[in-house]
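**Q** These are the residues of each chain, in order.
Number of protein chains: 2
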Amino acid sequence: MYDRIKGFRDVYPGEMAARREAIEVLEGTAGRYGFREIATPALERAELWTDKSGDEIVEELYSFEDQGGRHVALTPELTPTVARMVVAKQQELSKPIKWYSTRPFWRYEQVQQGRQREFYQTNVDVFGSAEPAADAEILAWAADALTGLGLTGEDFEFRVSHRDVLGGVLEAYEADVDVEDAIRAVDKSDALAEAEYHDLLVEAGLTYDQAAEFADLIAGGDLEEVAEFADAERVDAAVENLRNVLAAAEDFGAREYCTISLETARGLDYYTGVVFECFDSAGEVSRSIFGGGRYDDLIESYGGQPTPAVGVAPGHATLSLLCQRAGVWPEEAVETDYYVLQVGDTRPTAARIARELRERGHVVEGDVAGRSFGAQLEYADSINAETVVIVGEQDLANDEVTVKEMESGDQLQVPVEGFPGDHERPTLADLE
Amino acid sequence: MYDRIKGFRDVYPGEMAARREAIEVLEGTAGRYGFREIATPALERAELWTDKSGDEIVEELYSFEDQGGRHVALTPELTPTVARMVVAKQQELSKPIKWYSTRPFWRYEQVQQGRQREFYQTNVDVFGSAEPAADAEILAWAADALTGLGLTGEDFEFRVSHRDVLGGVLEAYEADVDVEDAIRAVDKSDALAEAEYHDLLVEAGLTYDQAAEFADLIAGGDLEEVAEFADAERVDAAVENLRNVLAAAEDFGAREYCTISLETARGLDYYTGVVFECFDSAGEVSRSIFGGGRYDDLIESYGGQPTPAVGVAPGHATLSLLCQRAGVWPEEAVETDYYVLQVGDTRPTAARIARELRERGHVVEGDVAGRSFGAQLEYADSINAETVVIVGEQDLANDEVTVKEMESGDQLQVPVEGFPGDHERPTLADLE
Chain G
1 MYDRIKGFRD VYPGEMAARR EAIEVLEGTA GRYGFREIAT PALERAELWT
51 DKSGDEIVEE LYSFEDQGGR HVALTPELTP TVARMVVAKQ QELSKPIKWY
101 STRPFWRYEQ VQQGRQREFY QTNVDVFGSA EPAADAEILA WAADALTGLG
151 LTGEDFEFRV SHRDVLGGVL EAYEADVDVE DAIRAVDKSD ALAEAEYHDL
201 LVEAGLTYDQ AAEFADLIAG GDLEEVAEFA DAERVDAAVE NLRNVLAAAE
251 DFGAREYCTI SLETARGLDY YTGVVFECFD SAGEVSRSIF GGGRYDDLIE
301 SYGGQPTPAV GVAPGHATLS LLCQRAGVWP EEAVETDYYV LQVGDTRPTA
351 ARIARELRER GHVVEGDVAG RSFGAQLEYA DSINAETVVI VGEQDLANDE
401 VTVKEMESGD QLQVPVEGFP GDHERPTLAD LE
Chain E
1 MYDRIKGFRD VYPGEMAARR EAIEVLEGTA GRYGFREIAT PALERAELWT
51 DKSGDEIVEE LYSFEDQGGR HVALTPELTP TVARMVVAKQ QELSKPIKWY
101 STRPFWRYEQ VQQGRQREFY QTNVDVFGSA EPAADAEILA WAADALTGLG
151 LTGEDFEFRV SHRDVLGGVL EAYEADVDVE DAIRAVDKSD ALAEAEYHDL
201 LVEAGLTYDQ AAEFADLIAG GDLEEVAEFA DAERVDAAVE NLRNVLAAAE
251 DFGAREYCTI SLETARGLDY YTGVVFECFD SAGEVSRSIF GGGRYDDLIE
301 SYGGQPTPAV GVAPGHATLS LLCQRAGVWP EEAVETDYYV LQVGDTRPTA
351 ARIARELRER GHVVEGDVAG RSFGAQLEYA DSINAETVVI VGEQDLANDE
401 VTVKEMESGD QLQVPVEGFP GDHERPTLAD LE
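In order, the protein sequences belong to chains G and E. Under the UniProt record's numbering, read the first sequence as residues 1 to 432, first letter to last. Under the UniProt record's numbering, read the second sequence as residues 1 to 432, first letter to last.
Keep in mind that the hints are not guaranteed to be accurate.
A pair counts as met if it fits within one copy or between any two copies, since identical chains are not told apart.
[Said to hold, decoys possible] Only pairs whose alpha carbons sit at most 25 Å apart, straight line, appear in this in silico SDA-like list of lysine to any residue: (1) 52 to 65; (2) 52 to 1; (3) 89 to 8; (4) 89 to 5.
Derived from the structure by calculation, the hints contain no laboratory data. Everything numeric in this text was worked out from a predicted model, so none of it was measured.
Build out the structure end to end from the sequences listed, making use of the hints.
**A** In structure tokens form, the structure reads like this:
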């Protein structure tokens, strides 16, 4: 017997039905905002990740040499791929470029609840606009997608910050601070004891007093206070940009889901401006549900023309944890409109009825296994068939079929010629 | 600059819109037949393929050792995975089990038109029925999916055969014939010169006279003649089964697309019964568009209970070649219902209008890049916006907005309060 690989999941139909419903909300919302679907390779040159040093992603990369001697990797994230695609067609694409896609990614990491080695994300990005309205549109899409799933402002919050606030405040210290290390410490601070957090800041180059002061200032989250402390153009500009993004989010209907949280830093090094993470307001899902932000330098670093960009990528596993916690995750069950049951040699009629019902758009199963009446009825029940149409030899001799409503058990004989006849979605009530 | 890997494609929005439309036809049809969507891992243990010897697939496998020392492979096909999934839950799953899924697969093979190293398929399978109706339902789904794409019986044909016809006839020779090698020769015969084809049959164990006789008999495709020649129970049973499948296909509305073609063998070794391939009737796409068939022994070979199975897997690349040849491939372009154009400081109103139109289900873009009137109008044109709603400062001072129909260029000023108002899908005609 073969088993599946650890960290990889088989998704059976009941669970998949719920996931599909959720994906349709995410993608449908993206489509209405004018984001356009793309499809992207599962494999890329490993250099897309290994050329950057110091990134956790590299340790988690599934990489290997292909038969042609290429060093390739299963993509652990989408951003480098879409950046490459923008560069490849930068002359032809009219801007802003707005793309979305849903697909799996792969990272060799510790398996835990809500984290597998193969995981699905819906990525949504805008390229070619540095305006606050682009950041706000990403926030608005995320808010609409989440409320579309049935979540409310009571269930989640977007903790919003700006990379230059942290960076600018750190620069304000007259010390040799490794800004990226310090930002990574802030990013992890939620999961750390205060002493550990301060230790990391000290390792990054602050004194203990500075670390404590810095941690307090950032935790306070007061934009005025932070700007005053730093007294630097970079921080003033970041604060202004953050305020403009929130003002646009107000116009777009997403401001109410946002809180300013300067401790939100996002681990990935390519973020340059506004960053945000979505959290469970009830705190039951303890880690970030998903995050996003602005990455204005990435495309240029890939050899493209300077192209500002902002995006977000909800992972489906953590999103389903949040929806389950809030009681809005779709039911994990299959649905069936009709089961057309054959008794005896009635296949031509049963098949005609099934075809006509399918042509009207309904989900219709019939017997393809030569089963008994009882076995077929049990199967119809197992697939949650709403209505069973019984096509029996005796009924048919009287030019009738029996229509049975599974929930109530009520049934009725109707003329075979009139079924489904003119009825778009014939139920027992229509036929009585 | 990074480039993509050979044989892997970036799919941009225009092409993707067409592909999505085609996928929706394939999956929507599967859904109406009561096939249920599943999701499956991209990686499996390589043993799923390497344990079987003599299969071309093994040479084309992207396989490697993961960080945990597992010998893994990017899946080159779905069948072993779904067989594994059936075995894993064989007690719980009610039968027949009917599954579908659309996803990429990977094979390191020669890149050519309609064949990439990363390719998409929609797999559709029935498990747990040995009845001809199950084979016929697979044919019926395929026929409905193809006609749903706009193809007709003039465009394609299903060449249908049964593995045991070839096998049984070969066994009838009093010679030591390698049946699998001979079947592979038949499978390739279309692409071979007659002499080469006969040579392969001789290599498989026939004499030259027998090879010529066998090739003629099979090419003739006359079931009576073949049964008489072989005079074997196995061939008689195969001929009867093939006739029963075609009779069920008649009831299911798919018989008209089927021709008997005993040269159709399918390359994969796991097929056991009826096999079929879809071909371009016009012959412009010279190779098989896709194929399928019955594989009754696979699940037992994976340690499961005996579970008959039949399935089909249209590859999207060849299918799009057929649809393009027939002139029914969807247009490769994006569509947009509304572009809400801002002039001056009118974002709150523009955003309100965009939100209300999106709530009605429309595809709506607005300015997120702070562009000029002209640049916005050009962009609206590039995304094929049907209607542009111009929210200008001057208009707004008069409580009006301008609604512009892009195709005709006609436009009209309407009260801002009434837009979109009660209109579900306001066009210029509705507002005049």
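**Q** Would you mind marking each hint as holding or not holding in the structure?
**A** Evaluation of the provided hints:
no.	hint	result
1	52 to 65	both (19 Å within a copy, 24 Å between copies)
2	52 to 1	between (41 Å within a copy, 14 Å between copies)
3	89 to 8	between (34 Å within a copy, 16 Å between copies)
4	89 to 5	between (37 Å within a copy, 16 Å between copies)
In the structure shown, no violation is registered for any of the earlier numbered hints.
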